[in-house]
Amino acid sequence: MTTLTLGAAINAGLRQAMTDDDRVLVLGEDVGVLGGVFRVTDGLHAEFGPDRVVDTPLAESAIVGTAIGLALRGYRPVCEIQFDGFVYPAFDQIVSQLAKMRARSGGLLKLPVVIRIPVGGGIGAVEHHSESNEAYFAHTAGLRVVSCSNADDAFHMIQQAIHSDDPVIFYEPKRRYWEKGTVANEPSLGLHQAGVLRRGTDCVLAAHGPTVATALAAATAAEEDGYSVAVVDLRSISPLDLSTVRDLVRTTGRLVVVHEASTFFGLGAEVAAAVTEQCFFELKAPVLRVGAYNMPYPPAQVEDHFLPDVDRVLDAIDRSLDY
Amino acid sequence: MHMAPAETPAAAAWGRLLDRQVEDLAMVQFVTPDGALTPAGEEYGVDVDLAQRLHRDMVLARRLDTEALALQRQGELNLWLMSWGQEAAQVGSIRALRQTDMVFPSYREHAAALCRGIAPAELMAQWRGIRHAGWDPSVSRFHIYSLVLGTQTLHATGYAMGAAMERSDEVVAVYFGDGSSSQGDVNEALNWSAAGTLPVLFFCQNNQWAISTPTTTQMRTPLHRRATGFGLDAYHVDGNDVLAVHAVTDVAARRIRAGSGPGLIEAQTYRFGGHSSSDDPQRYRTQADFDLWMGRDPLVRLERLLRTLGVEDDWFKELQEESDAFAVDVRSACKALAGSDLCDLFGNVYAEAHPVLAGEREQHMAFLAALESQGEA
Ligand SMILES: Cc1ncc(C[n+]2csc(CCOP(=O)(O)OP(=O)(O)O)c2C)c(N)n1
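For the protein sequence lines, the chains are A and B, in the order given. Going letter by letter, the first sequence gives residues 45 to 367 in our numbering. Going letter by letter, the second sequence gives residues 3 to 379 in our numbering.
One chain only, chain A, in its complex shape:
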């Protein structure tokens, strides 16, 4: 058991995976000598050398396309996309190539590629550096999509993602990179299991990545008002661990889904539909969503009003309880 920041935990997880298996490679822009713009790959270049920690030319499509080629030869590449908003040049390679190649080969090929993406807002950045684009990838069959929210998960989930024989989109909540947490020696959950962080009897909050801390803070605030609110960290977006969510909803009858991405066609809509199908008679209120408005991520000065915060989550809990 050690204490690490979330960013350092991913670094440690990568180092462990690279030590365990010399077919694990890291590729990305500025991941080598610099250690990445968030320093998540710090020291790996010095330790494993330039063949295994590759500073790539500046081309995301090339990073993912090349990773596919390496994977076809038996390597396990871990790509870093510098910021969420810069993954789109690689969209074709991810969606039409990486995601589909196994099915296209009739199940013959394995594509163990991990694509790490620092995601979300809250760091006062300029445009394209604060986006939440999980829905695009979750909507693509053939990809697994996961999202870590704390140092312990970061350390274990990155290794589990690397062990997966399927392509994994691995989201890292960039505004939480510097938050510290204890890291256990062994993982407590599988890669695609949701984690129940707090039990409660009145309402359930489901969140992932950067909004897990927001949900926990809202649950604490609600407790002061006399409400007992459960919090579940979804951790995996595709596949979704619906059974964990369902079990909690069955005891409370109320669910609010919180994420940074826009609610329109988002993760919350999928969770709401699935939970409604499975728990229709137990629900006491419609499943509510707290997320972004359907607009490009705004300039930093107004991001605090744009991002789901404790007030907006509490407002949703109130609305749910009012039904």
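The hints are simulated quantities; they were obtained by calculation from the structure and are not laboratory data. Every value quoted in this text rests on a predicted model; they were computed, and no experiment measured them.
Covered by chain A, according to a simulated footprint, are these stretches of chain B (three or more residues, beta-carbon under 8 Å): (1) 206-219; (2) 345-359; (3) 367-374.
By construction, the Cβ of each residue, glycine as well, lies at the ideal position given by its N, Cα and C atoms.
Mind docking chain B with the ligand on chain A? Use the hints.
Chain B with the ligand only, in chain A's frame:
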């Protein structure tokens, strides 16, 4: 000592320069780092009046950078990306274009932007986190910044298609970096513009680095040679020599205007600062690298030449005073920038009314009203 432009007919000079370019892609330099004229510079001649104007542009641009970085350090700006060191490449090129030529910048083209009349406040609004873009491109003929690397090269290509269809004699200029040239978009733009004989001027500021990645990691063949493979007229210039940049851009723009198809200028320069105010360049480049390029500073070089050509000390003093006053304006303009309001942004997303946005705006207003009444209660 003054060489008036009339003594060296520009047409003849640019013709000769171009012949040399086509034969040999050696880097064009008119002024050495010590401020002496090279044989090519002698031959082309110096328009002292122009040189003074370019020098003023560069001095003011550098001042904006210094002030903006200081404002960032004081927390007045969230981020700043300096054009420090690249003033000659930007000023020399944009001043050789017509004000009516459309320009597609990347995100570090502050010196070029100032030349197009964009105010410091308009530039800083983006980095203060108030707006995504601070100016109206239809006024300045300077498009909003593109932060997703290389994408603007295709926008310029499309814009030039329109110009070609309309038989206009516009040149569409586009700025991008050495790192960006690895993007598919850039290579698609080079190819298409050449295949379509389109009036695009690609201007690459090769500042040697893309964050921590050196140009040698991006490419094996220098970009100006790659461009010839695509079928563009290519030029290679000392990007820290504003007079050479100006002349080469003038040559390239004339050829493009005459209908010969796209051109590419690779300007060798250096980013003196970090990639941005968040970057620590000491992690990846040496002091010797920095010192080498410091010795090639574009402003020092031109000042030396101008002094040799007899420009008086008084002129430099006046420019210094102008720069000091400009700095005061920059600081106050930054602090005076009005804030922004999320409520105003719902209407910017679509050109036509949109029910989802309209509904969300209402929802947001209701939420704010509820918060306010809770606060009062
Ligand atoms: C598509 C894309 N990928 C990554 C980035 C992140 N990024 C911003 S600037 C930069 C380096 C750009 O280098 P270069 O094109 O040489 O221009 P310079 O910054 O040196 O002016 C990177 C990797 C981005 N903005 N867009």
